[in-house]
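Enquirer: One-letter residues, chain by chain:
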Amino acid sequence: MFKRIMYNCEKAQRLTIKKQESKLTPYEYLQYRIHMQYCLVCRKFEQFSALLNQFLQRGRQGLEDQPPNKLSPEEKKELQRKIDEMS
Amino acid sequence: MKNELNTREWAEHYGDYLFSLASYKLNDIELARDLVQETFLSAIKGKENFRGECSEKTWLVRILNNKIIDQYRAGKKEVPMSEYLNQTEKSFADHYFDLDTPGEYGHNKIASFPAIPGLESDFAINQSELKKVLDLCIGKLPGSLSNVFLMKYVSGENADFICEKFNLSQANYWVILHRSKLLLRTCISKIWGR
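Top to bottom, those sequences are chains A and B. Quick note: the first sequence, position 17, residue 17 per our numbering, numbers continuous. Quick note: the second sequence, position 124, residue 124 per our numbering, numbers continuous.
Looking at chain B on its own, in the form it has when it is part of the complex:
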């Protein structure tokens, strides 16, 4: 049968991947270890929910992601995302966009947009160096942004899942990805451009 789980080699097949994913996103090895175990055990408990529509691996990652989101929630008092975005909108706009020109925000301030040597042209770049810089910069993103950012770009979850789990409107989803990328760009250019 197609939708039957084969649990015999789970730890060997998926253990390291789930562990790495959780460690990267939570920055806490011990917690990651626990969550991997919980993921496997919940998967077995809920095995009748596995309908074979996706691979075993995808299904396990989804369960893990749900657990990670629960951790985010438990970690701190919950400020609704829309409120967070409203509160920070002005300082963000002031920093990046020129409010004196007409229009809602106006052009980006050129000064806050220095080109990144090598990165924004077809240029051989040192991949592992860049990865280090990027990880560092992702670590500096405000938590509310990075949770969404990581769910999208590291776990590869889709917009519908993320919006539902973080209780986000589609519009705010795009705002969050945009802000994250702008902040990352600034951070990378500061380190990389030196």
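Next comes chain A alone, as it looks inside the complex:
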């Protein structure tokens, strides 16, 4: 088991993502820890993934706060007219 996880970056990185997005099982966490202890490349990937998450999160917020694409006032009026008609 030790060797399998030691050399398996693909799995370790998948666990990294799962750890960042949800929760690892205790066994998964153990595998993750063992691998990370020894693997510089995967630590680097973990850092990248966390940064990317932060960045995307900010982007999502930005899209919500200041939508880059706008409907024209006329389009909105027309849209609202249809909405009112139906409701």
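Hints in this document: simulated from the structure, not taken from any laboratory. The model shown is predicted, which means the values in this text are computed figures rather than measured ones. Fair warning: there could be bad hints in the mix.
Keeping only pairs whose Cα atoms sit at most 25 Å apart, straight-line, the calculated DSS-like set for lysine-lysine is [as the list claims (entries may be wrong)]: (1) B:Lys165 with A:Lys44; (2) B:Lys132 with A:Lys44; (3) B:Lys152 with B:Lys140; (4) A:Lys76 with B:Lys190; (5) B:Lys152 with A:Lys70; (6) A:Lys23 with B:Lys132; (7) B:Lys57 with B:Lys47; (8) B:Lys165 with B:Lys140; (9) B:Lys190 with B:Lys57.
Quick list of the computed label-pair ranges, beta carbon to beta carbon [as the list claims (entries may be wrong)]: (10) B:Asn126 with A:Pro68: 14 to 20 Å; (11) A:Asp84 with B:Asn126: 40 to 46 Å; (12) A:Asp84 with B:Glu89: 50 to 56 Å; (13) A:Glu74 with B:Asn167: 19 to 25 Å; (14) B:Gly75 with A:Leu40: 18 to 24 Å; (15) A:Ser72 with B:Ser169: 16 to 22 Å; (16) A:Asp84 with B:Gly143: 46 to 52 Å; (17) A:Ser72 with B:Ala74: 40 to 46 Å; (18) A:Glu28 with B:Ser128: 36 to 42 Å; (19) B:Asp70 with A:Glu64: 20 to 26 Å.
The beta-carbon is built from N, C-alpha and C at its ideal position, and this holds for glycine as well.
Position chain B relative to chain A; hints supplied.
Expert: Chain B in isolation, oriented as in the chain A frame:
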């Protein structure tokens, strides 16, 4: 009553946001415009389904996301995701992981993992530059991956919804997010690292 919809200002309140979201994900302004309208109209038709468990906005985004997924489906012949992942597994592994070392895949090939200056250290980075690069790279992801990736990271949908809609197992969901991020990393480092 809490779960009553107030549709009077919908176009003003949510129009731009839904339009931006749809444009970003579909890369098609006209289609995005149509889907925004359809979203509002479906919402009104199904208003008894709104139970006030989430905000109006969240509810509308969910309806829009469903419509976007229908578009993805209509757009091309459907290859089951598990099949796609199996077919591409070897080339992916060959490129990123050193198959000569023991274990299932072995270590990442160091050569395919150059550090990204500024990005992987606490360093002031030019946010708007990075955003441009990232958008470009997301646009280059294979469609099967980017649909899931965008649903997760741009729309902020949860894993259960995504797995159900794309007919994915949880395991494959993690595989897709992992591959997307690795591909993005390579793409960003190519452009950013120059």
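Enquirer: Which of the numbered hints are not met once you compare them with the structure shown?
Expert: Violated: hints 1, 4, 6, 9, 13, 14, 15, 16 and 17.
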